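Chains as they are written, first to last, in my numbering: chain A, 31 to 254; chain B, 136 to 277; chain C, 645 to 876.
Some hints here could point you the wrong way.
Incomplete in silico selection of chain C near chain B, CB under 7 Å [to be verified]: (1) V677; (2) G707; (3) T710; (4) E712; (5) G834; (6) N838.
Once the Cα atoms are required to be at most 30 Å apart in a straight line, the calculated DSS-like pairs of lysine-lysine come out as [stated by the list, open to error]: (7) B:K148 <-> A:K65; (8) B:K204 <-> A:K223; (9) A:K86 <-> C:K651; (10) A:K76 <-> C:K831; (11) B:K159 <-> A:K223; (12) A:K223 <-> A:K76; (13) C:K661 <-> A:K86; (14) A:K76 <-> C:K767; (15) B:K161 <-> A:K223; (16) A:K223 <-> B:K142; (17) C:K767 <-> A:K65; (18) B:K204 <-> B:K159; (19) A:K65 <-> C:K817; (20) B:K159 <-> A:K65; (21) B:K161 <-> A:K65; (22) C:K651 <-> A:K76; (23) B:K148 <-> A:K64; (24) B:K223 <-> B:K159; (25) A:K64 <-> B:K159; (26) C:K831 <-> C:K767; (27) C:K752 <-> C:K664; (28) C:K664 <-> A:K76; (29) C:K684 <-> B:K159; (30) C:K665 <-> A:K64; (31) A:K86 <-> C:K665; (32) B:K223 <-> C:K684; (33) A:K64 <-> C:K651; (34) B:K142 <-> B:K204; (35) C:K661 <-> A:K64; (36) A:K223 <-> B:K150; (37) B:K161 <-> A:K64; (38) A:K223 <-> C:K684; (39) C:K752 <-> C:K665; (40) A:K86 <-> C:K831.
Hint data in this document are derived by calculation from the structure and do not stem from the laboratory. Computed from a predicted model, the values in this text were never measured in an experiment. Using N, Cα and C, we set each Cβ at its ideal position, and we do this for glycine too.
This is what each chain is made of:
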Amino acid sequence: MYELARGPLMWAATIIFFAGILYRCVQLYLLTGKKEHALFYAAPVKPRERTPEERKIDMIVAVRNSLLGTHPIMAIVSTIFHAFIFVIPLFLLGHNLLLYESWGISLFSLPEWLIDALTAVFVLIGLFFLLRRMIVPQVRIISTYYDYLVLAITVAPFLTGFFAYHQWFDYRSVITIHMLVGELMLIAIPFTKIGHMIFFFFVRILIGSEYSFWRGSRAWPGKG
Amino acid sequence: MFSGHNKPLDTEKIKATLEQNRGKIKLSQAACASCSLCAESCFLYRGNNHDPRYMPSYKWLSSLGKIYKKRGNVDRAFLEQTRENIWKNCVLCMRCYCPFGIDIPGLIGLARSIYRSQGVYGIYPYTVGAPEAENAHDPDGK
Amino acid sequence: MVIAEVKPLAEIMELIKPYKKVLNTGCGGCVAVCLGGGQKEVDTLNTRIELTCRERNIPLEIGGFTVERQCDMQFNAEFDRMVGGYDALMSMACGAGIQFLAERFPAKPVLPAVNTVFVGVNKEIGWYEERCQSCGDCVLGVTGGICPVTMCAKSLFNGPCGGPQDGHCEVDKDTPCAWIQIHDRLKAQGRLENILKVFPAREWQNQVQGKLLLEEYRGRYVKEEKQSPVKK
């Protein structure tokens, strides 16, 4: 089992991950329509100079209207959680050693005690999300088993990795499970709601709306 | 009365609309992370004591979302029970926020068109006294 | 949709100056769609006012609440339980909604936080254009769906005038000539004869306060005067 997880399944998972992301991006793009309205050209209007008092107020208003202003806890906790999803696997000594052994290349590794601490924090945040989903009424009302399952799939690789590093339980079993759930997570990303990783950037950059990051050159069909 | 209480639904019509919009609905369901961050952006949610039934994601998931999951095989009772989610609980002011850019007003509008195609409409309270408004009530009790 | 634009902050500060506690009322209707006076605009304006008051040491308390729309009295009823605690009400609804609010609470000063600018369409988020001036005598069927009252600078009915240059209005070179557009649209539809006849002069309806009472509802609001019996 170990050999399977370490070898062919890892290949399969990685390929499916990248292919899946590409597939989702293409699918998304094909769903959108071209925006029909051209930008109109007008004589440049120089806006009135904002006073320092006004600029300070503008900044405070911008923060208050942002996610950080409306949901400060979620904004901070969620950012940390999502950052760690990348930072922990990529800068982990154990992973980089494997990479080096296989292909002679590796990324830089953070000190092990640090990654260990970050992983612990990550799992605690996972617990926070679990409790939030069970307790907060507006989250509970739209939660199904699927949401809990996806959370489990996301936290499992990190939890099992933590166990493996500390050599709790039977190492061989734990590390095999770690690899399997890690691969499961990679495969799940493009095809489940974890794909919000892709949707977030794609839709918020591509489609123009009140909350888009830029003007957005595409639109949902019918909007014109 | 108006909605034809015992008339069976024209499921084919529902399925046709779902099929036409399949891509968008499927993607929206896939993208929805059930994060509930859309709630605070709805003034009706805020003004009704944070009642989760006013949350934008709930409004479309409990109507269009359910219909899509059941492949259009819903009954009239379901439509009549959930009609207030997309009519009373939403004015289509188009200001809902979604971190993933899901077009919630578009989905609620689509839900409304499916319900309408089956003769299930929103009932507005201020038509008290009018023949169509037998289920309506005047919130002011006048 | 009615389009409204938030007033400059300086003007709003002037309006609320005499008061200690103001309730900023929002509207979930047209103004929410055109980003003029929905919940987010109420919150944003309140933040600006609070910060400005803090900078200038002005003791002002400002609250905020948004209802479905202010042009229907039943929705304004939601403010009944709140207004007692405030010296004045500010409204981000359109002019019609503001007046209904003022009518419901005649004892409270009601201040507009927006300027209602026109009846128009939502081209894109943040971009709205006027299309209708509510003249009360719609000729769109004849002019191929282009309004000569709104889209022609001179509101001509038997246009164009002699002014257009390169298809654009002599008043503004970025504005297309409405009558040339009307001509082109009707030509493409094969209905050019519509504008070949001369329109008679119009009786402008929009100079008097508009009132509309639908025929089927007339019986509810109008008491018909009884005719005196004719003695034979």
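Evaluation of the provided hints:
no.	hint	in the structure
1	V677	5 Å, holds
2	G707	13 Å, violated
3	T710	4 Å, holds
4	E712	5 Å, holds
5	G834	32 Å, violated
6	N838	33 Å, violated
7	B:K148 <-> A:K65	29 Å, holds
8	B:K204 <-> A:K223	15 Å, holds
9	A:K86 <-> C:K651	19 Å, holds
10	A:K76 <-> C:K831	41 Å, violated
11	B:K159 <-> A:K223	15 Å, holds
12	A:K223 <-> A:K76	44 Å, violated
13	C:K661 <-> A:K86	22 Å, holds
14	A:K76 <-> C:K767	23 Å, holds
15	B:K161 <-> A:K223	11 Å, holds
16	A:K223 <-> B:K142	37 Å, violated
17	C:K767 <-> A:K65	11 Å, holds
18	B:K204 <-> B:K159	14 Å, holds
19	A:K65 <-> C:K817	25 Å, holds
20	B:K159 <-> A:K65	16 Å, holds
21	B:K161 <-> A:K65	22 Å, holds
22	C:K651 <-> A:K76	19 Å, holds
23	B:K148 <-> A:K64	28 Å, holds
24	B:K223 <-> B:K159	24 Å, holds
25	A:K64 <-> B:K159	15 Å, holds
26	C:K831 <-> C:K767	25 Å, holds
27	C:K752 <-> C:K664	13 Å, holds
28	C:K664 <-> A:K76	36 Å, violated
29	C:K684 <-> B:K159	27 Å, holds
30	C:K665 <-> A:K64	48 Å, violated
31	A:K86 <-> C:K665	24 Å, holds
32	B:K223 <-> C:K684	21 Å, holds
33	A:K64 <-> C:K651	34 Å, violated
34	B:K142 <-> B:K204	23 Å, holds
35	C:K661 <-> A:K64	48 Å, violated
36	A:K223 <-> B:K150	24 Å, holds
37	B:K161 <-> A:K64	20 Å, holds
38	A:K223 <-> C:K684	28 Å, holds
39	C:K752 <-> C:K665	11 Å, holds
40	A:K86 <-> C:K831	55 Å, violated
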